[in-house]
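If you read the protein sequences in the order shown, they are chains A and B.
For the first sequence, the residue numbers in my numbering are 1 to 151.
For the second sequence, the residue numbers in my numbering are 152 to 212.
Derived by calculation from the structure, the hints in this document are not laboratory data.
It cannot be assumed that every hint is accurate.
Unchecked claim - Taking lysine-lysine pairs in the DSS-like style, the calculated list, with each CA pair at most 30 Å apart, reads:
#1 A/K70 / A/K146
#2 A/K70 / B/K204
#3 A/K6 / B/K188
#4 A/K28 / B/K188
#5 B/K188 / A/K26
#6 A/K128 / B/K188
#7 A/K10 / A/K30
#8 B/K204 / A/K30
#9 B/K182 / A/K28
#10 A/K110 / A/K23
#11 B/K182 / A/K110
#12 B/K204 / A/K125
#13 A/K23 / B/K182
#14 A/K30 / B/K182
#15 A/K30 / A/K128
#16 A/K10 / B/K194
#17 B/K182 / B/K194
#18 A/K146 / B/K194
#19 B/K188 / A/K125
#20 B/K194 / A/K30
#21 B/K204 / A/K10
#22 A/K30 / A/K70
#23 B/K204 / A/K23
#24 A/K6 / A/K30
#25 B/K204 / A/K128
#26 A/K110 / B/K194
#27 A/K70 / B/K194
#28 A/K110 / A/K70
#29 A/K28 / B/K204
#30 A/K23 / B/K188
#31 B/K194 / A/K128
#32 A/K146 / B/K204
#33 B/K194 / A/K26
#34 A/K6 / B/K182
Claimed, not checked - Across the chosen pairs, the derived CB separations fall in these ranges:
#35 B/E181 / A/N109: 29 to 35 Å
#36 B/A192 / A/G66: 27 to 33 Å
#37 A/S113 / B/L198: 29 to 35 Å
#38 B/T174 / A/S58: 21 to 27 Å
#39 B/S176 / A/K128: 37 to 43 Å
#40 A/E130 / B/T191: 21 to 27 Å
Small disclaimer: the values here were computed from a predicted structure and weren't measured.
We treat Cβ as the ideally placed atom computed from N, Cα and C, and that holds for glycine.
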Amino acid sequence: MFSEDKYLYKTNSSFLDYGFESKGPKGKIKKVARFSEIGVNIYNFGFGDLNEMTGEISDTIVSNNGDGDKVLLTVANIIYDFTDVYIGVAVFIQGTSPSRTRRYQMGINKHWSQIIPIFEVLGLKNDKWEQFRPGENYEAFLGRRKASFLF
Amino acid sequence: MSLKGKNISKKETSSKKSSAIVTDSVGNYEKHPFFVKKATAAKALLLQVGLPKQFTKKAHA
Numbered sequence: 001m002f003s004e005d006k007y008l009y010k011t012n013s014s015f016l017d018y019g020f021e022s023k024g025p026k027g028k029i030k031k032v033a034r035f036s037e038i039g040v041n042i043y044n045f046g047f048g049d050l051n052e053m054t055g056e057i058s059d060t061i062v063s064n065n066g067d068g069d070k071v072l073l074t075v076a077n078i079i080y081d082f083t084d085v086y087i088g089v090a091v092f093i094q095g096t097s098p099s100r101t102r103r104y105q106m107g108i109n110k111h112w113s114q115i116i117p118i119f120e121v122l123g124l125k126n127d128k129w130e131q132f133r134p135g136e137n138y139e140a141f142l143g144r145r146k147a148s149f150l151f
Numbered sequence: 152m153s154l155k156g157k158n159i160s161k162k163e164t165s166s167k168k169s170s171a172i173v174t175d176s177v178g179n180y181e182k183h184p185f186f187v188k189k190a191t192a193a194k195a196l197l198l199q200v201g202l203p204k205q206f207t208k209k210a211h212a
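Based on the provided sequences and hints, a complete structural model is requested.
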């Protein structure tokens, strides 16, 4: 979907778990993502850095690897791929902190023209869902392929 | 709020291949505490605020 610079990413046969390597001044950082079913046809998107030595995953570490946009584009492609396989499902996304959530939001804003024809995106604001509007601040997001983009 | 309805499995619905490299080297994180915690928190939030109307319907036919 997003043909711009992104990392090569891998998944297993379930298409629920994904991984890729961020490469930058801080070296290689293993990123992992998992779509966890939290309701009927609703999956939570979890994402963090994997410490391969301990097996721990963290989404609070600020990696500062100078590739934030590339990581975000890779994440966007993973979500696109996931919704290609799990057709019709909704994906729930929330950052671990308001600043992380804003990071997702900035990514959506930046690529809105590519997203809007394909995905229906809602934002959570003051405990209410509304159609995502670029420039607004949200606490979480729900996205789903538009019916015309189900293959 | 009810999250009940017809579930969709990958086998029932998958018609396209992911462009990701498919390999067993990617772990199964279903029971990893990090993702379990995240999923639990997300579920709790959705139970609290509810789902938007259009998302309480079954998935697109």
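So, going through the hints one by one against the coordinates:
Restraint check for A/K70 and A/K146: the C-alpha separation of about 25 Å stays at or below 30 Å, so the hint holds. Our distance criterion of 30 Å between C-alpha atoms is broken by A/K70 and B/K204, whose separation comes to about 34 Å. Under the criterion of a C-alpha separation no larger than 30 Å, the hint pairing A/K6 with B/K188 is consistent with the structure, at around 28 Å. Distance restraint check for A/K28 and B/K188: the Cα-Cα separation of roughly 26 Å lies within the 30 Å cut-off, and the hinted pair is therefore satisfied.
Between B/K188 and A/K26 the CA atoms are separated by roughly 28 Å; this keeps the pair inside 30 Å, and the hint holds. At most 30 Å may separate the alpha-carbon atoms for a hinted pair to count; A/K128 and B/K188 meet this at roughly 23 Å. With a C-alpha separation of about 11 Å, the suggested pairing of A/K10 with A/K30 holds against the 30 Å cut-off. Distance hint between B/K204 and A/K30 is unfulfilled; the C-alpha atoms sit about 37 Å from each other, more than 30 Å.
A threshold of 30 Å between alpha carbons decides the hint, and for B/K182 with A/K28 the separation of about 25 Å falls inside it, so the pair holds. Restraint check for A/K110 and A/K23: satisfied, since their Cα atoms lie roughly 22 Å apart, inside the 30 Å limit. Proposed proximity of B/K182 and A/K110 is contradicted: the alpha carbons are some 34 Å apart, above 30 Å. Straight-line distance between C-alpha atoms of B/K204 and A/K125 comes to about 16 Å, which keeps the hinted pair within the 30 Å bound.
As the CA atoms of A/K23 and B/K182 are separated by approximately 27 Å, the hinted pair is consistent with the 30 Å bound. A distance of roughly 19 Å separates the Cα atoms of A/K30 and B/K182; the hinted pair therefore holds under the 30 Å criterion. For a cut-off of 30 Å, the pair hint linking A/K30 to A/K128 is broken: about 35 Å separates their Cα positions. Among the hinted pairs, A/K10 with B/K194 is consistent with the structure: their alpha-carbon atoms are about 26 Å apart, no more than 30 Å.
For the proposed pair B/K182 and B/K194, the alpha carbon gap of about 16 Å is at most 30 Å, so the pair holds. With a C-alpha separation of about 23 Å, the suggested pair A/K146 and B/K194 falls inside the 30 Å cut-off, and the hint holds. A distance of roughly 22 Å separates the Cα atoms of B/K188 and A/K125; the hinted pair therefore holds under the 30 Å criterion. For the hint pairing B/K194 with A/K30, the CA-to-CA distance comes to about 26 Å; that is within 30 Å, so the pair holds.
Note on B/K204 and A/K10: the hinted pairing is violated, with a Cα-Cα distance of about 34 Å set against a maximum of 30 Å. The straight-line distance between the Cα atoms of A/K30 and A/K70 is roughly 14 Å, inside the 30 Å bound, and the hint therefore holds. Taking the CA atoms of B/K204 and A/K23, the gap is near 41 Å; set against the 30 Å cutoff, the hint is violated. Pair hint A/K6 plus A/K30 holds up; C-alpha atoms about 14 Å apart against a cutoff of 30 Å.
Restraint check: the Cα-Cα separation between B/K204 and A/K128 comes to about 11 Å, which is no more than 30 Å; the hinted pair holds. Distance check on the hinted pair: A/K110 and B/K194 sit about 28 Å apart at the alpha-carbon level, within 30 Å; holds. At most 30 Å may separate the alpha-carbon atoms for a hinted pair to count; A/K70 and B/K194 meet this at roughly 29 Å. Note on A/K110 and A/K70: the hinted pairing holds, with a Cα-Cα distance of about 13 Å set against a maximum of 30 Å.
Restraint check for A/K28 and B/K204: not satisfied, since their Cα atoms lie roughly 42 Å apart, outside the 30 Å limit. For the proposed pair A/K23 and B/K188, the alpha carbon gap of about 27 Å is at most 30 Å, so the pair holds. Only pairs whose Cα atoms come within 30 Å are accepted, and B/K194 paired with A/K128 is accepted, the gap being roughly 15 Å. Using a Cα cut-off of 30 Å, the hinted pair A/K146 and B/K204 holds, with the two alpha carbons roughly 15 Å apart.
Only pairs whose Cα atoms come within 30 Å are accepted, and B/K194 paired with A/K26 is rejected, the gap being roughly 34 Å. Annotation: proposed proximity of A/K6 to B/K182 holds, straight-line Cα distance about 28 Å (limit 30 Å). With their beta carbons about 32 Å apart, B/E181 and A/N109 fall inside the hinted range of 29 to 35 Å. Under the hint 27 to 33 Å, the C-beta atoms of B/A192 and A/G66, about 30 Å apart, fit the expected range.
In this structure, A/S113 and B/L198 meet the distance hint of 29 to 35 Å, their C-beta atoms being roughly 34 Å apart. In this structure, B/T174 and A/S58 meet the distance hint of 21 to 27 Å, their C-beta atoms being roughly 24 Å apart. With their beta carbons about 42 Å apart, B/S176 and A/K128 fall inside the hinted range of 37 to 43 Å. Range check, A/E130 to B/T191: Cβ separation about 25 Å, and the 21 to 27 Å hint holds.
Of the numbered hints given earlier, the model fails hints 2, 8, 11, 15, 21, 23, 29, 33; all others are met.
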